[in-house]
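**Q** Residues per chain are reported as follows:
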Amino acid sequence: MCVGVPMMVVEIDGDNAVAEVDGVKREASLMLLSDEVAVGDYVIVHAGFAISKLDKEEALETLALMREAFSPELMG
Amino acid sequence: MNYRDEFRDRKIVQGLAQRIATLAQGKGPFTFMEVCGTHTMAIYQYGLRQLMPPEVRLISGPGCPVCVTHNGYLDRALALCRLPDVIITTFGDMLRVPGSTSSLMHERARGGDIRIVYSPLDAVQVAVQNPGKKVVFLGVGFETTAPTIAGSILTAAKLGLKNYFVLASHKTMPTPMALLSADPELSLSGYICPAHVSAIIGAHAYQPLVDQFRIPCVVTGFEPTDVMQGIEMLVRQAVAGDARVEIQYSRVVSWEGNPKAQQVLAEVFTPCDADWRGIGTLPGSGLKIADRYAAFDAERALAVEVEPLKEHQGCLCGEILKGKVNPSDCPLFGKACTPENPVGACMVSSEGSCAAAHKYQ
Ligand code: SF4
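If you read the sequences in order, they're chains A and B.
Take the first sequence: its position 38, counted from the start at 1, is 38 in the working numbering, and no numbers get skipped.
Take the second sequence: its position 188, counted from the start at 1, is 1188 in the working numbering, and no numbers get skipped.
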């Protein structure tokens, strides 16, 4: 269907935002979002709607946990 | 950081594969099911099945919304499309899905006005720009997509549009999961729970599954490292004999989900029984347009005669959607049935198991 991707909010005008990933800009309606967003935040955009805000700290924590799974010696 | 590339790191994927192998060694066997088409694609695309130790088996469930959509729905869409004053708007993956005797693609070649949109709001715009036409959006999808379609109906209502309609066939995920959890033939050891469906409904939605069936549930993201970490968490639970809901995809999914989207959903839709291709009718597993928005419901507002239902002979989509057989077990796979010439819906949508298997195997 329409894969939701994390995109950075670059413009906000009321209930409408413009979000960007890899240089591609897309309109994203904010009418389904509970959280406040600001320019620079990341949101998951699905079929033209922001459906969730991405928590940057949680993202970094998950990555740190994952990185524990390999040690450089082990992987060469 | 774009919060994507880091989660595709090959080295992390391999490290997690090693961890899974160590954890599972001599235990199991474990069968984990994913119930989201985007997980199906990720698993094929990154070859994650090949990274599993012999003790761990990954199978796909009914996670492709187009694939579980009943032929009768498509037949109604095709009948609407043959009306002279109707414009059909849809997401792209519906175009080639075979109905009983035709597809939207065929109807388009015959002059039907069918437009692919990226967002349901684009369909509302088509209605604004074509006041003399009736614009029907094909509303198919799970809890991630349903709120966006609800949003389009609210927008159309606000604009006072009388020519925007939705042909709704939305389904909700936890119900078929309960059915499959109880299936002795599958004997599932855990669920890779959908990422963005869960962003809407919240991870708590899986607690009843855990309570009733003692089955581990891990809400998992879509990147390859996410999927691997989700499997690692499932293996840990399974080995320890635990059954809990856990969130691997914590950067996006919370326990409560998205209350605003839930509220929009509840405003526009009400639960109903739904037909799942291959699975049958499941009580309370669908969403229909609430009476107060009946004017936007294509099924109620636009009368049309629908042709009698015909199923496709030889297609094993139904068994595939229940995780009972693999695409390559179907005698038509890659022969009579290809993405260019699909027999069943599982070969059409990019999220379908047959299409994913055909593309990446
Ligand atoms: S390969 Fe084609 S015919 Fe066989 S199950 Fe898949 S979609 Fe159906």
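FYI, nobody ran anything at the bench for these hints, they're computed from the structure.
Worth double-checking, as some hints may not be accurate.
Claimed, not checked - Derived DSS-like pairs (lysine-lysine); straight-line CA-CA distance at most 30 Å:
no.: 1; chain 1: B; residue 1: Lys1288; chain 2: B; residue 2: Lys1158
no.: 2; chain 1: B; residue 1: Lys1158; chain 2: B; residue 2: Lys1134
no.: 3; chain 1: B; residue 1: Lys1288; chain 2: B; residue 2: Lys1310
no.: 4; chain 1: B; residue 1: Lys1260; chain 2: A; residue 2: Lys25
no.: 5; chain 1: B; residue 1: Lys1260; chain 2: A; residue 2: Lys56
no.: 6; chain 1: B; residue 1: Lys1133; chain 2: B; residue 2: Lys1162
no.: 7; chain 1: B; residue 1: Lys1335; chain 2: B; residue 2: Lys1310
no.: 8; chain 1: B; residue 1: Lys1134; chain 2: B; residue 2: Lys1310
no.: 9; chain 1: B; residue 1: Lys1288; chain 2: B; residue 2: Lys1260
no.: 10; chain 1: B; residue 1: Lys1324; chain 2: B; residue 2: Lys1310
no.: 11; chain 1: B; residue 1: Lys1288; chain 2: B; residue 2: Lys1133
no.: 12; chain 1: B; residue 1: Lys1162; chain 2: B; residue 2: Lys1335
no.: 13; chain 1: A; residue 1: Lys25; chain 2: B; residue 2: Lys1359
no.: 14; chain 1: B; residue 1: Lys1011; chain 2: A; residue 2: Lys56
no.: 15; chain 1: A; residue 1: Lys25; chain 2: B; residue 2: Lys1158
Claimed, not checked - Some chain A residues well away from chain B (every beta-carbon gap over 10 Å; in silico):
no.: 16; residue: Asp13
no.: 17; residue: Gly14
no.: 18; residue: Val18
no.: 19; residue: Val21
no.: 20; residue: Met31
no.: 21; residue: Lys56
Keep in mind that this is a model prediction, so the values were computed, not measured.
Quick reminder that beta carbons are idealized off the backbone N, C-alpha and C, glycines included.
**Q** Against each hint, give a clear statement of whether it holds in the structure.
**A** Quick rundown of the hints versus the structure:
1. Distance hint between Lys1288 of chain B and Lys1158 of chain B is fulfilled; the C-alpha atoms sit about 20 Å from each other, no more than 30 Å.
2. Annotation: proposed proximity of Lys1158 of chain B to Lys1134 of chain B holds, straight-line Cα distance about 17 Å (limit 30 Å).
3. Proposed proximity of Lys1288 of chain B and Lys1310 of chain B is supported: the alpha carbons are some 24 Å apart, at most 30 Å.
4. At most 30 Å may separate the alpha-carbon atoms for a hinted pair to count; Lys1260 of chain B and Lys25 of chain A meet this at roughly 24 Å.
5. Of the pairs offered as hints, the one joining Lys1260 of chain B and Lys56 of chain A holds, with about 21 Å between alpha carbons and a cut-off of 30 Å not exceeded.
6. Restraint check for Lys1133 of chain B and Lys1162 of chain B: the C-alpha separation of about 10 Å stays at or below 30 Å, so the hint holds.
7. Restraint check: the Cα-Cα separation between Lys1335 of chain B and Lys1310 of chain B comes to about 22 Å, which is no more than 30 Å; the hinted pair holds.
8. Proposed proximity of Lys1134 of chain B and Lys1310 of chain B is supported: the alpha carbons are some 28 Å apart, at most 30 Å.
9. Restraint check: the Cα-Cα separation between Lys1288 of chain B and Lys1260 of chain B comes to about 19 Å, which is no more than 30 Å; the hinted pair holds.
10. Distance check on the hinted pair: Lys1324 of chain B and Lys1310 of chain B sit about 23 Å apart at the alpha-carbon level, within 30 Å; holds.
11. The suggested pairing of Lys1288 of chain B with Lys1133 of chain B holds, with an alpha-carbon distance near 24 Å, which does not exceed 30 Å.
12. Straight-line distance between C-alpha atoms of Lys1162 of chain B and Lys1335 of chain B comes to about 46 Å, which puts the hinted pair past the 30 Å bound.
13. Taking the CA atoms of Lys25 of chain A and Lys1359 of chain B, the gap is about 28 Å. The hint holds against a cut of 30 Å.
14. Of the pairs offered as hints, the one joining Lys1011 of chain B and Lys56 of chain A holds, with about 22 Å between alpha carbons and a cut-off of 30 Å not exceeded.
15. The straight-line distance between the Cα atoms of Lys25 of chain A and Lys1158 of chain B is roughly 26 Å, inside the 30 Å bound, and the hint therefore holds.
16. Interface exclusion of Asp13 of chain A from chain B stands, the closest Cβ pair being 14 Å apart, more than 10 Å.
17. Chain B leaves Gly14 of chain A outside its interface by the beta-carbon criterion, the shortest separation being 13 Å against a cut-off of 10 Å.
18. At roughly 13 Å from the closest C-beta of chain B, the C-beta of Val18 of chain A stays outside 10 Å, upholding its exclusion from the interface.
19. Against chain B, the non-interface label of Val21 of chain A is violated: not every CB pair exceeds 10 Å, the least being about 7 Å.
20. Chain B draws Met31 of chain A into its interface by the beta-carbon criterion, the shortest separation being 5 Å against a cut-off of 10 Å.
21. Non-interface call for Lys56 of chain A relative to chain B: violated, since the shortest CB-CB distance, roughly 8 Å, does not exceed 10 Å.
Hint check: violations occur at hints 12, 19, 20 and 21; the rest are consistent with the structure.
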